[in-house]
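S.K.: Residue numbers (this note's numbering), protein chains in the order written: chain Z, 72 to 399; chain W, 4 to 119; chain D, -16 to 476; chain C, 758 to 1257.
If a hint is listed, it holds; no wrong ones were tucked in.
No more than 25 Å apart at the CA atoms, straight line, and that leaves these computed lysine-lysine pairs for BS3-like:
(1) K865(C) <-> K319(Z)
(2) K782(C) <-> K865(C)
(3) K865(C) <-> K101(W)
(4) K470(D) <-> K60(D)
(5) K319(Z) <-> K267(Z)
(6) K1214(C) <-> K1126(C)
(7) K143(D) <-> K344(D)
(8) K1054(C) <-> K143(D)
(9) K782(C) <-> K319(Z)
(10) K267(Z) <-> K313(Z)
(11) K356(D) <-> K344(D)
(12) K1126(C) <-> K143(D)
Covered by chain D, per the in silico footprint, the following chain C stretches (three or more residues, Cβ under 8 Å):
(13) 1159 to 1165
(14) 1175 to 1182
If you are wondering where the hints come from, they were derived from the structure by calculation, not from laboratory data. Even for Gly, the Cβ is constructed at its ideal location relative to N, Cα and C.
Okay, here's what each chain looks like letter by letter:
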Amino acid sequence: MLLVITAIAIARVVDLFAAVMLSGIYGLLSASFFVAMDAVDVAFTEAAVGAGIFPLLMLMVLGVTGRYEKLEANLKKPAVVKKVAMLMLMLLTGGLLIFGTIDMPAFGSADAPAQQHVNIRYIEQSPEEIGIPNMVTSVLASYRGYDTLGEVLVIFTAAMGVLALFSSQLFSPSKPSMQVEQGGMRDHHVLRIVSKILIPLILLFAFYVQFHGEYGPGGGFQAGVIFAAGIILYTMLYGLNKAMEVIKPSVLRILCAFGVFIYGSTGVVSMLSGGNFLDYSVLASDPIIGQHLGILVIELGVGITIAAGMILIFFAFSHQAESQLGEG
Amino acid sequence: MFYDLYNYWMVIVLMMIGLYIVISRNNLIKKLIGLNIFQTSVFIFYISVGKVDGGTAPIFSSTETLYSNPLPHVLILTAIVVGIATMALALALVVRIKRAYGTVEDAELQELDNRC
Amino acid sequence: MSLSAEILIQTIILLPLLAAVGVMLTHRHPNIREAISLIIATSVFILVYLLYQQVISGQTAMVNWITLLPGLTISFKTEALSVLFALIASFLWIVTTLYAIGYMRSHEEQNQTRFYAFFAISISAVMAIAFSENLFTLFIFYEVLTLATYPLVTHAGTDKAQRGGRTYLRILLGTSIVFFLPALIGTWALAGNLSFTVGGVFADNTSPLLLAILLVMFVFGIGKAAMMPFHRWLPAAMVAPTPVSALLHAVAVVKAGVFTLIKTLVYIFGLDNVSALVTTDFLLYLTAFTILASSLIAMGQDNLKARLAYSTISQLAYISLGVLLATEAGLIGSSMHIAMHAFGKITLFFCAGAILVASHKTEISQMAGLGRKMPITMIAFFIGSLSIIGLPPTGGSWSKYYLLLGTLETQHWILMMVLMVSSLLNIAYLLPIPIRGFFPGKAAPKSANSSTSIEEAPLAALIAIMITSLGCVLLFFFPQSLFELAKMVGVTP
Amino acid sequence: MLNHLPILQVIVPLLAAPACLLLNKPRLSWLFACFAAVISLLISGALLYQVQQSGVISYMLGGWDAPWGIEYRIDLLSAYVLLIVSAIGTVVLLAANTSIRQEIDEDKQSVFYVLYLLCMAGLLGIVATGDIFNVFVFLEISSLATYALVAFGRDRRALLAAYQYLILGTIGATFLLLGIGLLYSLTGTLNMQDLAERLPVASESATVYTAFAFMIVGVCLKLALFPLHLWLPNTYTYAPSIVTAFLAATATKVAIYLLIRLYFSVFGADFSALPIQPIFIGLGLVSVFVASTVAIKQPNIKRLFAYSSVAQIGYMIIGIGIGSSLGLQATLLHLFNHALMKGALFLALAAVVYRIGSAERSGFNGLAKQMPWTMAAIVVAGLSLIGVPLTVGFVSKWYLVLASFQSGLWPVALLIVIGSLLSIYYVWALVESAYFGKAAMPSNVSSSSAANLSPIKEAPLSLLIPIWILVLANVYFGIDTRLPLEASATAANFLMGGGS
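Next comes chain Z alone, as it looks inside the complex:
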């Protein structure tokens, strides 16, 4: 399998830049694998994250830390014992796992327990109960809506964490020294023009994905990521300062929290209207409409938080990278 080859290549390669590129490829490959496995929503996300955001962040960090991994040979004591121990650990874990899989239901069989129990209701009844065709979305947003709230909070936490780690100069007015254009892509007129057309399209597409999630693959998370990608593209072309003028970090911060609020208050409102937390059925007189409404609103919350969080993280990183360059 290609995935394995890529993974091994990553393990061998010393050039971190190449490793990052390879892991981007790895992300894409696993995304295509997900498509083959019928998991279109997941594939969508993995493509955006694994082949997009993750390598991007990695590259920016590499800009700060340097490109090459130091070979162990340069360092003291390769410690053979340690290596053997690690290998043993590896084999032990792997062996245990293989042992574990022996009793697993065969791959793809329709009568495996996983396909039987809870799943049946999701597949057979969700179109009626929730009223939207994309089962993933209905499970995500309604049956297991609380997990998704958790997921939003994870991003929120990460954004906060990144903010906490980097000094908050981000929010202070930008320094004039950064105005120097540093060549590269910013001088390409073709790119600029293309992107001027492209970025609005991307943003538009993001909105499409946002609201289309009920019918096809997509939803708040993917939309948020795409939206963030659009802004990131803009940043790369026009520079961080300009981007920060367009979207102020402090506004982002509020937006990030606001998205969580939208989600949370949906829950609280449903609680106040007599249902349980996140029970959308009570939001409108007709349960199905209520579900629709609920999912729409929370997806919006997800989208806002994710987009704001991602952009915030990106800003923080690129700010860091630039100030590093400025110092060097």
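Following the hints, position chains W, D and C against chain Z.
M.R.: Showing chains W, D and C alone in chain Z's frame:
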């Protein structure tokens, strides 16, 4: 039986590679890449569990009756987000470490710490 | 008496605490501070005496404070041995306070307030130990006593004091946690009951092997009884000021140890059980070994306090031996020896302190000829020694007599021999001190020259010495009340 | 509103976090965070009461029934742990303002409170939920928040500690995820209750064993059981003192909870085909001894108590390993008690750091004169750590030894006791230097520069009050043992009886 479980075994191989990178490499960034592979392999595992032969993507349509299991997809959507969030935080840490120590090699870091 | 026994017990335990608070509050006025100590000490003794009268007339009382865990309570009860112990401890508290006033002032010790306060807390713990209704309560206050005496031991604050204190704490806490506590919990697991009961708490069908193991654990665990591999804390604790050594390490702490031992053997195991267990013999010979070994070590010590400390170890082993014999005579001997040894040993320690204060001498070899300068001290020392040895006309002879009787009854000839030999050894290491004090001979003319300025100890200390040495003699002529109490041990609940 | 309590418990701090961010003024954020924490404390109290009155509370999120939707399931055990977490979280937070103002730049302070609340909410979420995947999500929330919190430490080594913790924590979480996946592939459900019912059918398969092994290892990484404890000492040492106090008192406790929950409720106590109990007891004992021995030598007091935490976790694992209801009860008691004593200890250390700037052993010489109240708190909490009667530590040790006696494990009992002897060593060495040690400063530093240094004063009241709340709790629950005793006994019986 070999074919039945082939997918899972590939997952295990991937996992081991990822784990190996994490614990054997000195470079903090390389470790993170390994961690990413490790996590992704678990995602693949979940999705494999959800696959049904002959099924289609779990989006309701009047022509299809057999769908793959949507639940693992949902779980993995969440897990991917968690993964990227972790990565973002970890990378932020790496940047800070680089600025504080001037290196991102584990062994060098240890030395620096021992010296002071 | 209008006061009920319940109230008496609680007052007896709490009053010393009150004294501690009072002492701390009045730390600016040494006179008031010491007056408080004395007054409360006296009143505690009076209260104990009132309690004694009730107990001797056959009344018992019980107080339950708190239930810590289901079935585990902190509660107190009157009982013959308790009263015996409490009587001695409270009486000697008065005397020691008196002595301490003289000693501490003339020695110009630092932190006297801390000293009196912790002293009072220790006494409170001792009283609580004395009146414990169950082993659990006893254990708690046993630990409290250890911790409360630690600041007293390290009072000097020097490195040596700290080292001594560390040994003290290490052995006492160590044994109690490694042996005592597991034994306690083991007992609880086996019997489900920790209350002191006549005849023991274990059911008849309890495995004798387990009991035997428990017995050993208890004997070792009660480190305050200074059984031989765990005796090192006692000499280590001699770095403390002399009043502390006197009261705590001749009376309160070590006696709390043997008291605990007696209580455990009599009321937890039951004497009948003890004599039947396989490990009893082993322990008996261990005590015999302790007696002889520590007597021999004592002979080699030139430091007076160290010699007394080893002597204490050997005397404590007498008490342990008596109770391990598990006969009536042995038990009576042990109980009485608690009292006799207390009076005898405290006298000796007082004298040691008096010598230190007056002449700044700690080594025995320097003390030749001292009798001329400090006749009262040396006479008292002589009486105390007689009592420890067990010669009339001192109280010590009674307890020795009963102990011997015990060995006779059980036909432990070797043990009897040990007791005899040990008495000889006692003579050998104690009597030379006063004798050389009065008749220095020609060997030590130097001391006579240098000690022209030596006078008797301060008056307060001297009074204390006289009281206790008088006590030794009186106990020989009037042992009746003690004897009666001792006879009640193990018989009435 | 009363029937919504389970979700409010988690949601209140969760939603308070972003609100805190919007406030953006450190002091305001702190007040608000305290407010939220107090509310969640009240809720947890009410929950415990409700559960005691009427049994298990189940709350369906989104109104979907259990196996389909996510369920919040509060039984006695979770209510008990919720109370511990929210109580300690609140008390520590009360002390946070003073200490944090000194240890963290002002512009980051409100972010700190946001993360603190998130971490607390994450922990509460783990405890409250009845859905195993939800556990994973909330575990990650709390972990991510923790990593960031640790990285707040002033020492640059804090960053490295956070990084190590992140790597190991993520591996642990991924193991857990894998285990969940295996279980799901076998049973098709994620609800714990449902899992427990469906597992016996499939229980003889290798997959279940593997799932079990991976989940246990994953959780053990989080709770720092002996061979997997490497992240803990660094993390505790270099994190800001407040964070250490919070983590030590809550995070590992929640991990223990998770272990108990998985072991007893999901897999069932009689899932004994693997020699898991001897392994637990063995590892627990090794943890106690190794960690205690290492602790004795530590020059940094925070590190010392970090190792002591590893040792204490060992005790809890032994309790689980004994496998009887009494052993479990001992673990639960120790969970509660250890939270109290470590909370008090680390808060007191925070006060020391606040005044003298570090937690090195040398700084403690003669400190009792300068900071009598703080040192007294350390003494009492230390005694409790040792297990001296009349403190909480005694109660749990008592039960632990009793439990091993009852199961006929005499050597274990003896080893436990000897282990606590080691704790005397390290606690006493500290106490001794604080009370009897000569303050090193005046002698080493020449008089002129000593005059420049302001004399060390007692910690401010805002720190002392929370410290003494915890210390008094140590003593109070050591004397009046009814509340934790009853709760833990019932919870243990419930788990042993109802869980299998």
